[in-house]
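4 protein chains.
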Amino acid sequence: MYSLSLIKGLEKEMKQSMKKLNVGVAGATGYTGEELVRILARHPRVTLTYVSGKEDREARIQEIFPSLEGKLDLPCKPLEVQEACRKCDLVFLSLPHTVSMRFAPLFLKAGKKIVDVSADYRLKNEKIYEAFYRVPHEDASHLAEAVYGLPELYREKIRTADLVANPGCYPTGAILGLLPGITGAGLFDADTIVIDAKSGVTGAGRKAEKSLNFSEVNENFKAYKLFEHPHVPEIDQELTAAAKKKISVVFVPHLLPLNRGILSTIYVRLKKKMNTAALIAHYQKRYAKEPFVKVYAGGALPELKHVAHSNFCGIGIRVDASKGIAVIVTAIDNLLKGAAGQAVQNMNLMAGFEETDGF
Amino acid sequence: MYSLSLIKGLEKEMKQSMKKLNVGVAGATGYTGEELVRILARHPRVTLTYVSGKEDREARIQEIFPSLEGKLDLPCKPLEVQEACRKCDLVFLSLPHTVSMRFAPLFLKAGKKIVDVSADYRLKNEKIYEAFYRVPHEDASHLAEAVYGLPELYREKIRTADLVANPGCYPTGAILGLLPGITGAGLFDADTIVIDAKSGVTGAGRKAEKSLNFSEVNENFKAYKLFEHPHVPEIDQELTAAAKKKISVVFVPHLLPLNRGILSTIYVRLKKKMNTAALIAHYQKRYAKEPFVKVYAGGALPELKHVAHSNFCGIGIRVDASKGIAVIVTAIDNLLKGAAGQAVQNMNLMAGFEETDGF
Amino acid sequence: MYSLSLIKGLEKEMKQSMKKLNVGVAGATGYTGEELVRILARHPRVTLTYVSGKEDREARIQEIFPSLEGKLDLPCKPLEVQEACRKCDLVFLSLPHTVSMRFAPLFLKAGKKIVDVSADYRLKNEKIYEAFYRVPHEDASHLAEAVYGLPELYREKIRTADLVANPGCYPTGAILGLLPGITGAGLFDADTIVIDAKSGVTGAGRKAEKSLNFSEVNENFKAYKLFEHPHVPEIDQELTAAAKKKISVVFVPHLLPLNRGILSTIYVRLKKKMNTAALIAHYQKRYAKEPFVKVYAGGALPELKHVAHSNFCGIGIRVDASKGIAVIVTAIDNLLKGAAGQAVQNMNLMAGFEETDGF
Amino acid sequence: MYSLSLIKGLEKEMKQSMKKLNVGVAGATGYTGEELVRILARHPRVTLTYVSGKEDREARIQEIFPSLEGKLDLPCKPLEVQEACRKCDLVFLSLPHTVSMRFAPLFLKAGKKIVDVSADYRLKNEKIYEAFYRVPHEDASHLAEAVYGLPELYREKIRTADLVANPGCYPTGAILGLLPGITGAGLFDADTIVIDAKSGVTGAGRKAEKSLNFSEVNENFKAYKLFEHPHVPEIDQELTAAAKKKISVVFVPHLLPLNRGILSTIYVRLKKKMNTAALIAHYQKRYAKEPFVKVYAGGALPELKHVAHSNFCGIGIRVDASKGIAVIVTAIDNLLKGAAGQAVQNMNLMAGFEETDGF
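From first to last, the protein sequence lines stand for chains A, B, C and D. For the first sequence, this note's numbering gives the first residue as 93, with consecutive numbering after it. For the second sequence, this note's numbering gives the first residue as 93, with consecutive numbering after it. For the third sequence, this note's numbering gives the first residue as 93, with consecutive numbering after it. For the fourth sequence, this note's numbering gives the first residue as 93, with consecutive numbering after it.
If we strip away everything but chain A, and leave its shape as in the complex, we get (with noise of 0.2 Å):
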């Protein structure tokens, strides 16, 4: 159907001349470092050098991951952050709170590239961290030049950024879904902001946890950590600077018996009316050059199964003029738009790529 010869020879050649990006993933065993691996393995521009995971015993990650068998071929060891810098040009750092930032000054000072999934350089305020955390910062100099990995908010700074905090899952949501209605002159009433998210379980991260058993969990749904989760403060961050007012939103979590999925239902009290079209449009006119963000027309509400799998921002909203508010229902991947993908876009960025390669 077409010269297969010419085509073959013009492939060889461009691969020979492109030079991809070496990238690594510290923390490649979690729920979001296994994503991190899968798309990367298929990334057009990078080329996965690096993974490490605290495994009992070695292991290549196609053995971990069964489904890389013939896509990748890399020993997964402990971290080793020599190794890891002689590998990689950028590093993505999937590892838990806290342990992060001992680990991101040693690449920033070899002139490394940092995506850093975990919540350590998300808030700016070191003294809330300590406050949600539990623990003191132990490497609160670099805060100031973390850029909060949201494009959608900080496309220009990731672009030439060092390090990037890649943002919370239900942060992702429900930023996202009050941006438009918060900035410039602000349609929302911003002191009476409730998010009621429900997350799946890969959210908690690869645990062994009685709570998180499979028969704690499946036929069931809870409520928990009212008032205290850590994504409260990095909500209230963001939303404050992109209103340029202080904003403090009521946020309830709740835990869902599926795998994969952060659906946010988020209320709102209107400034002045305003009917589902126009809040619509709004929204849409705000979103309409971002490659994962999709604002549903006529009243259409996203669900989990629209995003799951996929790097989309799925929104829904429905005014209810009579009693002046607004319902949006936001839905990500938890571990896509929510953590990996994210990751991924970011990397983008900050490596010149086209935003949606590897997607």
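Take the hints with a grain of salt, since some may be wrong.
No copy labels: a pair is met if it fits in one copy or bridges any two.
Distance condition first, Cα-Cα at most 16 Å in a straight line; then the derived EDC-like pairs of lysine to aspartate or glutamate [stated by the list, open to error]:
#1 415 / 281
#2 415 / 328
#3 364 / 328
#4 163 / 447
#5 365 / 172
#6 163 / 446
#7 365 / 281
#8 163 / 382
#9 299 / 382
#10 365 / 320
#11 201 / 181
#12 338 / 283
#13 204 / 447
#14 364 / 237
#15 219 / 254
#16 365 / 447
#17 249 / 447
Simulated from the structure, these hints should not be mistaken for laboratory data. The structure presented is a predicted model; accordingly, all values stated were derived computationally and were not measured.
Assemble the complex: chain A is given as a structure, and chains B, C and D must be docked to it using the hints.
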């Protein structure tokens, strides 16, 4: 260890002297009907004498529900009013909405007591019924006499009622969560109540419907029927009656990928300063004598598994004093306290039994 | 409708005359323990006077399991043998394997009856116990006296036993599915029996274990412990005893992503020509008087939901006459007929109650 | 890091020179159709130019499957053969059984290549087709020419075929698990093969059916269609052809409460003594060059999550030498290697692409 023959003799004597209440279940093959049959089959004060169901072929009820084997042996055929009247003193109508109102008058005319599990007699205003259920009401003459079957609100009226309209599943969880805060002087701002409710799938009935196919619901979560759910006017009607002032809530239902249970997260603004302990104390006082309402102490929150397969409504409370808001979480088994269990609780009251008999 | 005062009088009289059996549950906070407590709390012939559990902090049992509220009020502390002996006539040991054998002798010495839900007294040969459970047996002297608590096999012995070894969950479903075909002349080839078994997750206990994390089990399915499961020698022991000839089965367990139930698909070769109807008739005859075994008619097959939350074992049978093989499907609730339910059935026999009391 | 402009130039040049294959999907709105669209939308060598579906209203495919937004923009209307022929070189027929055979001849006549995902061209014997699918075959004249699309068996024939009959999901897992043991001299006794298979619910299609309602399937597990499943003759046909002797298996399918995946546990008798390592080595040799078959080393077993969302077939093996039996466990994603993935693998062969393109 004790004189078995004496006990056996007494048992026999007692059984002979105790004429049990004969009851029937119309619509025994739906999820609520199945639960009704299961409870009634082991209820110490009733004899289940009649069941009907809309199955293709005639079958014994214990063939349709194999776990009833050895506990019950009844034919299950399409509903015949005369036969049911001959065999029963009280009939549960577990029929689809809009069907109950065709049969209820016939049973009432024959002097039978009815617990109607459908929505047909819950709304006092037939215009609202028609707006939300999209059919004219065919038996509006009985609306006034029907008692809304929430024992925590109408216990005394239920005792003497001939026709009890068993509450909807969402309204049960919502109203019980709000009652203590809206009655009397009223602790909550009546104009800003938000109810974010999440229901298991049995709430949708035993239906052939593409959107209820396992693969559509499993690993999925969504909001649905925003501002349009027919349970909204039911909640508003009862809260308004209890508060003696107009209440109109914001209510958003969601579909959970699990079989049983409704968890409602309710957001209210407090009219005066109050902390968590004080609000809990207020609720505990209101519900102190309720056999099926449990207000959790110390800010603990109910989970669906706490109430599954029980007739309890669990209520948990947290106040964010700085914002002046309270979050109230209620949990029920939608098939029990939200349907069949509450129906039997109502029957117990109507027949003069202990309210907890059969549970 | 009847003389309520007469009934109440009789009830009172009866209750006074009936001295109930005092029972305790050691290990009440596991899944089996929880079910034991739930059944015993409403069992008409026993008083649950003692529970123990290995919780971090002391708690009332109704706080640990909120649905027991109003039905039970007992402290739940670490096991104290003397207190348990003082308060109970019979004790259920719902302790981990290898722990039961440390406590059973103490209760037996104090003259108490025991139903041991662990595996410690099931295998008659302590060498096999040590090979499969990897610890020496510490109370081998009681192995001979312990009665294997499968009422369908050992009903008369159980009635007079002091120590009943409650069968494992897999063996219950497997043995009941095979018994009628291997006893007497034997309809099945004893050398080619294959048991493909699938269990819900509660069978693994209430544990903090990474492989039991919701996200690992949900949307997953796997075979495990091929040829190594400690229930294999238990099945072989009992089938060999029943058949009066050596039987050694091929047994492969699998982990189902659901809470409750074991379905076993059993493949056997028929020694002589026989059709589905004839084999069903043979099974129905064998189990005609069994209150908790239901052989399905007409080639119908049991499903897990038929037996969930019940003490039944459902058995379905199909013969492929052309190949000379039969497929037998058995279904049980692993926590009831496979554990707590069967334990109470055994207690009923030991105490001279009706075998079905409490169900 | 490298010359971006050079790469972009090469890319452009290459894209212009590479005329892609135009493909269509008839029946794009079922589960298999959805997966086909998803894979083809990002396949580097094809352009998806046409999709059809039986939806009530016309819609764009990216509205039906929101996660395709930005990747695809095509109308989805009822199938029109002429339009499809105009737009496509190759068409996937993802239509219900008995519907494909009405359309396939029209496409073939127009000179189009077809991958038929239905069952219509799998069975060579139209009498057997009629016996199992209960309709006469309407296009028996093409049965001989149709190639059974299992690349591991018929790779060379597929390359030149015009009509490929994509294998059923159960047969794919069963045949791949048995092939190395039945071909040539044959390691397995051909008369005693037992296949105990368990499938996720998407295998039943996107249907409105009471028995597939979430609440019926969730927390349930059952065997179904014993000895009657239409995949039985398909398995027998291909095993018989491969073994060059009559094979007739015992096959019992079960329904798993999860979305995706088939795990088959296969029991065979070994004709001569052999241990686990030797049998694994034999399998690894047979499949050494297969890009999508992975034989696990060391007795490890595949789980469904190892293969979910991939085109792999995982195979694990254990031998019980004392009994002379082997257990072979195979795992596939029923929508990928069991349907859409294998269909694209076949297309890759038919079009001369790399077999792994698009995965």
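When no copy is specified for residue 204 and residue 447, does a C-alpha distance of 16 Å or less occur within a copy, between copies, both, or neither?
Result: close neither inside a copy nor across copies, 20 Å intra and 37 Å inter.
Alpha-carbon proximity context of residue 365 and residue 172, limit 16 Å
neither (58 Å within a copy, 47 Å between copies)
Intra- versus inter-copy proximity for residue 447 and residue 365 (alpha-carbon distance at most 16 Å)
Neither. Shortest intra-copy (37 Å) and inter-copy (49 Å) distances fail the 16 Å Cα cut-off.
Since the copies are identical, ignore which copy is meant and state whether residue 219 and residue 254 lie within 16 Å (CA to CA) inside a copy, between copies, both or neither.
Answer is neither: 24 Å inside a copy and 63 Å across each miss the 16 Å cutoff.
Up to 16 Å between alpha-carbons, please classify residue 163 paired with residue 446: within, between, both or neither.
between (23 Å within a copy, 14 Å between copies)
From the Cα coordinates, with 16 Å as the cut-off, is the pair residue 415 and residue 328 best called within, between, both, or neither?
This pair counts as between: shortest inter-copy Cα distance 14 Å, intra-copy 25 Å.
Treating 16 Å as the Cα threshold, decide for residue 338 and residue 283: within, between, both or neither.
within (9 Å within a copy, 24 Å between copies)
16 Å Cα threshold - placement of residue 281 relative to residue 365
Classified as within; 12 Å inside a copy, 22 Å across copies.
When no copy is specified for residue 163 and residue 382, does a C-alpha distance of 16 Å or less occur within a copy, between copies, both, or neither?
between (30 Å within a copy, 14 Å between copies)
Indicate which option fits the pair residue 415, residue 281 if close means a Cα-Cα distance not exceeding 16 Å: within, between, both or neither.
both (13 Å within a copy, 14 Å between copies)
Treating 16 Å as the Cα threshold, decide for residue 299 and residue 382: within, between, both or neither.
neither (34 Å within a copy, 35 Å between copies)
Could you figure out if residue 364 and residue 328 sit no more than 16 Å apart (CA to CA) within one copy, between two copies, both or neither?
Intra 23 Å, inter 25 Å, cutoff 16 Å: neither.
Of the numbered hints stated above, those contradicted by the structure are hints 3, 5, 9, 10, 13, 14, 15, 16, listed in ascending order.
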